[in-house]
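Listed in order, the protein sequences are those of chains A and B. Residues in the first sequence are numbered consecutively from 953, following our numbering. Residues in the second sequence are numbered consecutively from 953, following our numbering.
Just so you know, the hints here were simulated from the structure itself, not pulled from any lab data. Note that CB positions come from ideal geometry on N, CA and C, so glycine has one too.
Reference excerpt, derived from the structure (chain B facing chain A, CB under 7 Å, subset only):
# : residue
1 : Gln972
2 : Leu983
3 : Thr993
Number of protein chains: 2
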Amino acid sequence: MSTISLCEPKYLELKNRLTQIQDLEVAACVLNWDQTTYMPTGGTYARGRQIATLKEFAHEKFTDPSIGELLEDLRPYEKSLPYDSTEASLIRVTRRDYERAIRIPSEFMAKFSQHQAVSYETWVKAKSLKDFSLVQPYLEKTLELSRELASFFPYKHIADPLIDFVDEGMTVSILRPLFNELRQKLLPIVEAITSAPPIEDSCLYQHYPKEQQLKFGHTVIERIGFDFQRGRQDETPHPFTSSFSIGDVRITTRVYEDNFTEALFSTIHEVGHALYEQGISLELEGTPLAEGSSSGIHESQSRLWENIVGRSRGFWECFYPQLQGIFLQQLSPVSVSEFYRAINKVANSPIRTDADEVTYNLHVMIRFDLELAMLEGKLAVQDLPEAWNERYKTDLGLVPANDSEGVMQDVHWYGDMVGGMFQGYTLGNLIAAQIYEAAVKFDPEVTFSIERGNFTLLHKWLKHNIYQHGRKYTANELINRVTGKPLSIDPFMRYIQDKYSNIYHLKLPIVA
Amino acid sequence: MSTISLCEPKYLELKNRLTQIQDLEVAACVLNWDQTTYMPTGGTYARGRQIATLKEFAHEKFTDPSIGELLEDLRPYEKSLPYDSTEASLIRVTRRDYERAIRIPSEFMAKFSQHQAVSYETWVKAKSLKDFSLVQPYLEKTLELSRELASFFPYKHIADPLIDFVDEGMTVSILRPLFNELRQKLLPIVEAITSAPPIEDSCLYQHYPKEQQLKFGHTVIERIGFDFQRGRQDETPHPFTSSFSIGDVRITTRVYEDNFTEALFSTIHEVGHALYEQGISLELEGTPLAEGSSSGIHESQSRLWENIVGRSRGFWECFYPQLQGIFLQQLSPVSVSEFYRAINKVANSPIRTDADEVTYNLHVMIRFDLELAMLEGKLAVQDLPEAWNERYKTDLGLVPANDSEGVMQDVHWYGDMVGGMFQGYTLGNLIAAQIYEAAVKFDPEVTFSIERGNFTLLHKWLKHNIYQHGRKYTANELINRVTGKPLSIDPFMRYIQDKYSNIYHLKLPIVA
Chain A
953 MSTISLCEPK YLELKNRLTQ IQDLEVAACV LNWDQTTYMP TGGTYARGRQ
1003 IATLKEFAHE KFTDPSIGEL LEDLRPYEKS LPYDSTEASL IRVTRRDYER
1053 AIRIPSEFMA KFSQHQAVSY ETWVKAKSLK DFSLVQPYLE KTLELSRELA
1103 SFFPYKHIAD PLIDFVDEGM TVSILRPLFN ELRQKLLPIV EAITSAPPIE
1153 DSCLYQHYPK EQQLKFGHTV IERIGFDFQR GRQDETPHPF TSSFSIGDVR
1203 ITTRVYEDNF TEALFSTIHE VGHALYEQGI SLELEGTPLA EGSSSGIHES
1253 QSRLWENIVG RSRGFWECFY PQLQGIFLQQ LSPVSVSEFY RAINKVANSP
1303 IRTDADEVTY NLHVMIRFDL ELAMLEGKLA VQDLPEAWNE RYKTDLGLVP
1353 ANDSEGVMQD VHWYGDMVGG MFQGYTLGNL IAAQIYEAAV KFDPEVTFSI
1403 ERGNFTLLHK WLKHNIYQHG RKYTANELIN RVTGKPLSID PFMRYIQDKY
1453 SNIYHLKLPI VA
Chain B
953 MSTISLCEPK YLELKNRLTQ IQDLEVAACV LNWDQTTYMP TGGTYARGRQ
1003 IATLKEFAHE KFTDPSIGEL LEDLRPYEKS LPYDSTEASL IRVTRRDYER
1053 AIRIPSEFMA KFSQHQAVSY ETWVKAKSLK DFSLVQPYLE KTLELSRELA
1103 SFFPYKHIAD PLIDFVDEGM TVSILRPLFN ELRQKLLPIV EAITSAPPIE
1153 DSCLYQHYPK EQQLKFGHTV IERIGFDFQR GRQDETPHPF TSSFSIGDVR
1203 ITTRVYEDNF TEALFSTIHE VGHALYEQGI SLELEGTPLA EGSSSGIHES
1253 QSRLWENIVG RSRGFWECFY PQLQGIFLQQ LSPVSVSEFY RAINKVANSP
1303 IRTDADEVTY NLHVMIRFDL ELAMLEGKLA VQDLPEAWNE RYKTDLGLVP
1353 ANDSEGVMQD VHWYGDMVGG MFQGYTLGNL IAAQIYEAAV KFDPEVTFSI
1403 ERGNFTLLHK WLKHNIYQHG RKYTANELIN RVTGKPLSID PFMRYIQDKY
1453 SNIYHLKLPI VA
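Could you build the full structure based on these sequences and the hints that come with them?
Below, the structure is given as structure tokens:
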């Protein structure tokens, strides 16, 4: 007992130091947010350096050996506490982060960051020129550095450490069979749907003035539960969510005036991320626990709100009259059923971010498999475009018009690394379906209340079961706690089959 | 020679470390800018902590003994270079900053900052309740801490170190006689003007819609030379300028729809500060030299553009037709002469920030004298409101209606400290006149070109003589270099007498 009470001042010391480190990281996020929203172009050069300095100091402070000593000294205190107490969780999660961070040499991080910056710039140019060969040598270097990064860790599969950075506990041996099964079940469904008469969705591609789109979006997300006292929305070319504290969570959006769906659904997507961040328990404020559990869990919340809620029939029973009132000219001839079918149209297309929720995972899994092949040394970077196009032909029945709409479409490999970049998207879709199923099982009223424009029931359930915990639990722990089962593709397949059998008037293949 | 070349890598090391320290300080500024412009209220608590952390780390990094060692090692290198070379200046200025910083114990800084935050909040409340007694104990503590701060330094007058923080080289023994002379010369002028028939200025207080005010202001400041590629303008309750790099200098403004002068002149004022920051040589980017020379020099640039240029007859010969075009209803019956007289109306008033340029320095000198009296122990905080009101009666012929419009009107003593807070404002006015006189002497075309809406000549001259140098020279060095004379009140008195003799059709007292 005396050992434990001696430890408490050390716990406070650890917590205070972690908060200061987080303050540096948050400052880097604010500078990044500012750069993409309001910064004049003249600030670009200095801003890159300023963000790098903040990250460097945060890393330096976090990897200081005294943090390791505090964590060591706190072992008895941690063991004396319940596993999911805030104190034990903070020590446990910090130890994982610390042990990961100290394995990576600072000079390597600096070298990799510099390379990423140059590679990103080259990608922007190569993409606009539709010329993969320009960025190929940079991607080769990125692959080499990604392999080196993985090599600092013990692993079964070389991609495992990279996946573990963002989806802790997930490995290639878990994901590969899961994704293969998913692909095998999705391909015949896509085949069946795309053989059916296509849905008419031209109503979505009329002129929708920006101001009215933003106003409608604002109404929707406020109703869903986004708290504008503790957040804001701005415009950027590439939407994202950032959290500067639990009381300051910001989303960004972009509007296309000739496409109604882009702004609204990407806004609801970001709000899904933001509700998670706004819903974290205030007790965790300023600590490393005040974040989402994993890439997959975070994405599950954005996809749950964007697709399972935002593209549901009930959602539009509630909002469509209002939408029709705003866009009278565009939508008065369109019934709610026609609108609902239009926003859920399934079609093979070359671009991941434009994909419907049925084909979306096929796009993701192509990337996941190609990442693994590159890391395993089975696929050379110079052969990547061909491999990409072949797989698109096989899975989606099309070949991209050029590499900019093909292998260069996503920034991830060019601005970040090869490995761990994509599994989170499909995990998000799977987890979203599994969690939503659990919510409805807990209270079937969840679905009906959406129809009445009441999102409180679902929001509160998610907050109670997921949001408040921040990073206390890993993804697998959380899925088991919330749904009573390990991760599975079944809820997602059930969701897809129920929804799209109805929309396409088809009897889709049933999960065994 | 070998010693010197050995030093150069140390110079680069010093410079890199100073840049990283500046990155932390800039990050704190960005967080502050964000807080006053776009941050949702929910972010308040965490933001205060985040800014404090950044400042603490910057201070910790800067006061590290290894910085002192580098500065020591670089003495021979510094001596081998011309005084005003960038390298020698960086070492010299950094040494002054360093020697100042290490005298102040970190715990004292933390204690003072915490007190300032609580005192500020109490002031906000006390001001709204018009109750000085609420904030009195906090101001007493602030006075005590200000004295303690001064005591870390050698001094002749206890206010000297506090003045030296922002107006290096200025002391009570320089300022007190200068200000006393200024006051003695201003009082009869104010007396003469306020005995003359008052100017009719009701045209300024009609309804001026916000959007049009902002649009006109934008046109004006772009023409003056504010570079929107390297800066931006936003709205805040209390206008300020912040520089995040030479390529990213931001101003803020506030608009009152029932008062035309407020937004425009405060915008030009901030642009004066901003032109200075935008005009610093790129060679100094990221170093402690990339700032203004002193509080007084900085203020001289804002006041030069706001008053000497912005309230000049020539300026309005150029802009008035355009202004009349925008506010046709409000201004068509008002001639340019009437408008020019209206914006230069002199009147005794209780509020410093609303004061015209003739009475403004009287407000400032009241504060300067009271600060000194408090620091000297000759004036107790509890007697401050009475002393304030007495002096307002003597100098401005009025007694404030209450302490909110009196002794509590300015934030400085309540959010910062007692000492060094106000002399910069009057120094700014004096220096502005002295510098502008030198510019016109150098090329009389400076004045005439303004009439034609051409500000390039003046802007270039200021950039060449002042802006580009950043902090290379102290205020006194700069004034001597630019005007060939030490600081004097004469140019300001000549400016005031010429301008207001004309406006008020009076023969004002002549400077001996």
